[in-house]
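Just so you know, the sequences run in chain order G and Y. Position 29, counted from 1, in the first sequence is what our numbering calls 29; the numbers after and before it change by one each time, with no gaps. Position 168, counted from 1, in the second sequence is what our numbering calls 407; the numbers after and before it change by one each time, with no gaps.
Since the hints were made in silico from the structure, they are not lab data. All C-beta atoms in this analysis are idealised placements derived from N, C-alpha and C, irrespective of residue type, glycine included. Certain hints may be false.
For the chain Y half of the interface with chain G, some residues (derived, Cβ under 8 Å), not all of them [as the list claims (entries may be wrong)]: (1) 358; (2) 360; (3) 373; (4) 412; (5) 416; (6) 424; (7) 426; (8) 427; (9) 428; (10) 434; (11) 442.
Given next are the chains, with one letter for each unit.
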Amino acid sequence: MHIEIDEISKSFGTTAALHPVSLSLPSGALVALLGPSGSGKTTLLRILGGLEFPTSGRVMFDGQDATGLSVQDRRAGFVFQSYALFRHMTVFDNIAYGLNARPRASRPTKAEIARRVTKLLELIQLPDIGARYPSQLSGGQRQRVALARALAIEPRMLLLDEPFGALDAKVRKELRQGLRDIHDTTGLTTVFVTHDQEEAMELADLVVVMSMGRIEQIGKPQDIRARPATPFVREFISA
Amino acid sequence: MSDITVTKGAPARFRATTEESPLARWAMIAAAVLGLGILVFAPLIAVFVEALAQGVAASLASLATRDAQEAIKLTLTIAAISVPLNAIFGVAAAWFITKFDFRGKAFLITLIDLPFSVSPVVAGLCIVLMFGTNSFVGGWLVANGYPIVFAMPGIILATMFVTFPFVARELIPVMIEQGRAEEEAALTLGASGWRTFWTVTIPNIRWALLYGVLLCNARAMGEFGAVAVVSGKIRGQTATMPTTIEMLYQEYLSVAAFSLAAVLALLALVTLLLKTALEIRHADQLAATHRH
Chain G
1 MHIEIDEISK SFGTTAALHP VSLSLPSGAL VALLGPSGSG KTTLLRILGG
51 LEFPTSGRVM FDGQDATGLS VQDRRAGFVF QSYALFRHMT VFDNIAYGLN
101 ARPRASRPTK AEIARRVTKL LELIQLPDIG ARYPSQLSGG QRQRVALARA
151 LAIEPRMLLL DEPFGALDAK VRKELRQGLR DIHDTTGLTT VFVTHDQEEA
201 MELADLVVVM SMGRIEQIGK PQDIRARPAT PFVREFISA
Chain Y
240 MSDITVTKGA PARFRATTEE SPLARWAMIA AAVLGLGILV FAPLIAVFVE
290 ALAQGVAASL ASLATRDAQE AIKLTLTIAA ISVPLNAIFG VAAAWFITKF
340 DFRGKAFLIT LIDLPFSVSP VVAGLCIVLM FGTNSFVGGW LVANGYPIVF
390 AMPGIILATM FVTFPFVARE LIPVMIEQGR AEEEAALTLG ASGWRTFWTV
440 TIPNIRWALL YGVLLCNARA MGEFGAVAVV SGKIRGQTAT MPTTIEMLYQ
490 EYLSVAAFSL AAVLALLALV TLLLKTALEI RHADQLAATH RH
């Protein structure tokens, strides 16, 4: 799905988290929102997911105005920073949650839900953990379960908030490839937030560098590396 | 470091950094046992000893009187009405405070704590002033056949006021610690606010909610001050268990007073046992939800 961000701004009280920003994300792209903390990248992601509403500006999905669309109707697969798995549910029930939450008319049968959950567990390469609780999983497993749960609703886009933030360096490398693979299989427009420039450069097709609520530069990783647009970008990517 | 000499013979016994000397340990254990004994166990035993001073038959006979029966019935009814209502209010208040940002939040938290800082007697007097026959509201209600003071509604109001903070206080820290992420996740997965509340919020807080309800229940059955003021302590009608115990004691009917006190203590013990039984039965769930 093509995502168009048109002059979006957001302020909390008197502090501006986002100055008007505009951005066009082509369908099927893997996009990194890169910047230090407080740069507005998470706010922008939450606006895309419908968890936050912009103070001004519009969000367009495939050319249609989605600014006022409720979080439920956006069908955005969202992976939270600390994964936010439902701690009182098994992995199976976590992944099935979105399907069970559908209105009765469009809810798949029990057998169909089980089939889809099993398939998603295979996709994240953890076929045998359905009966476990989130507290019994490692950090990397939790992240993959969160991804499977987000994919279960057949989302129109995938939004990830610091998906590798809580993991150690080795697992992080493995899961980067995992996300790349899942993106390539599903073809979903995917946006992830990160403060790690190496991660953004290695994984994304398109990198959006942000600072202080503004977009500093948008471009392919190699272009940003070769021609940083501002002193901030030059300094940030050399860090 | 040439002055360190290696002694031969028995190897030195090393103590963990967090371990105290045996003397200190025993002193602390003794202090804890002594404190518990004097403050908790001795009075509890004394109540049962006094209740049975003239034998089981005398004790049971005193409980079989109409006044005692009515008092027990009234106290259980009051708890059965005020505890569920306070559980609902407590959950609503805690949900509102922890899941939304708004002005005056700190003030609202202080307001919830108010019943803890106000003397129950004062709270009772406030209700009398508000709803007594001499007040505008109370006068109208009495004239229309709905008396509040010296009747069941007044006792329920007083009990609810005094026990209001228990559920909310128990829930607020838990809900702050858990944050909003799981609710947000449920919403992004397409769940409505109502469904999110029942399938995510409530299951996550159920243990804190249970503790809050049990504390609230214990206090609701035991409340004396506020109830004494608003109820008028009419025997067989508006006298609850605590107020009846006090009246019996003032009349030197110590077997009757302590027998009723023993029943009240037993009710509290039953709720504690219930809680422990639930904890044992759901130990795996508790571990799963707490370790995350």
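Going down the list of hints, with the structure as the test:
1. Proximity of residue 358/Y to chain G is violated relative to the hint, the smallest CB-CB distance being about 39 Å (cut-off 8 Å).
2. A hinted interface residue such as residue 360/Y counts as satisfied when its beta carbon comes closer than 8 Å to some beta carbon of chain G; here the least separation is about 42 Å, so the hint is violated.
3. Because the closest C-beta pair between residue 373/Y and chain G is about 48 Å apart, greater than 8 Å, the hint is violated.
4. With its C-beta approaching chain G no nearer than about 17 Å, residue 412/Y sits outside the 8 Å limit, and its interface hint is violated.
5. Interface hint status for residue 416/Y: violated, as the beta-carbon distance to the closest one in chain G is roughly 12 Å, over 8 Å.
6. Given hint, residue 424/Y at the interface with chain G, holds; its Cβ is 4 Å from that chain's nearest Cβ, closer than 8 Å.
7. The beta carbon of residue 426/Y is positioned within 8 Å of a beta carbon in chain G (closest approach about 5 Å), and the interface hint is therefore held.
8. A least Cβ separation of about 4 Å between residue 427/Y and chain G falls short of the 8 Å threshold, and the interface hint therefore holds.
9. Checking residue 428/Y against chain G by beta carbon gives a least distance of about 4 Å; that is within 8 Å, so the hint holds.
10. The closest approach between the C-beta of residue 434/Y and any C-beta of chain G is roughly 6 Å, which is under the 8 Å cut-off, so the hint is satisfied.
11. For the restraint placing residue 442/Y at the interface with chain G, the shortest Cβ-Cβ distance is roughly 4 Å, inside the 8 Å limit, so the hint holds.
In summary, the numbered hints that this structure violates are 1, 2, 3, 4, 5.
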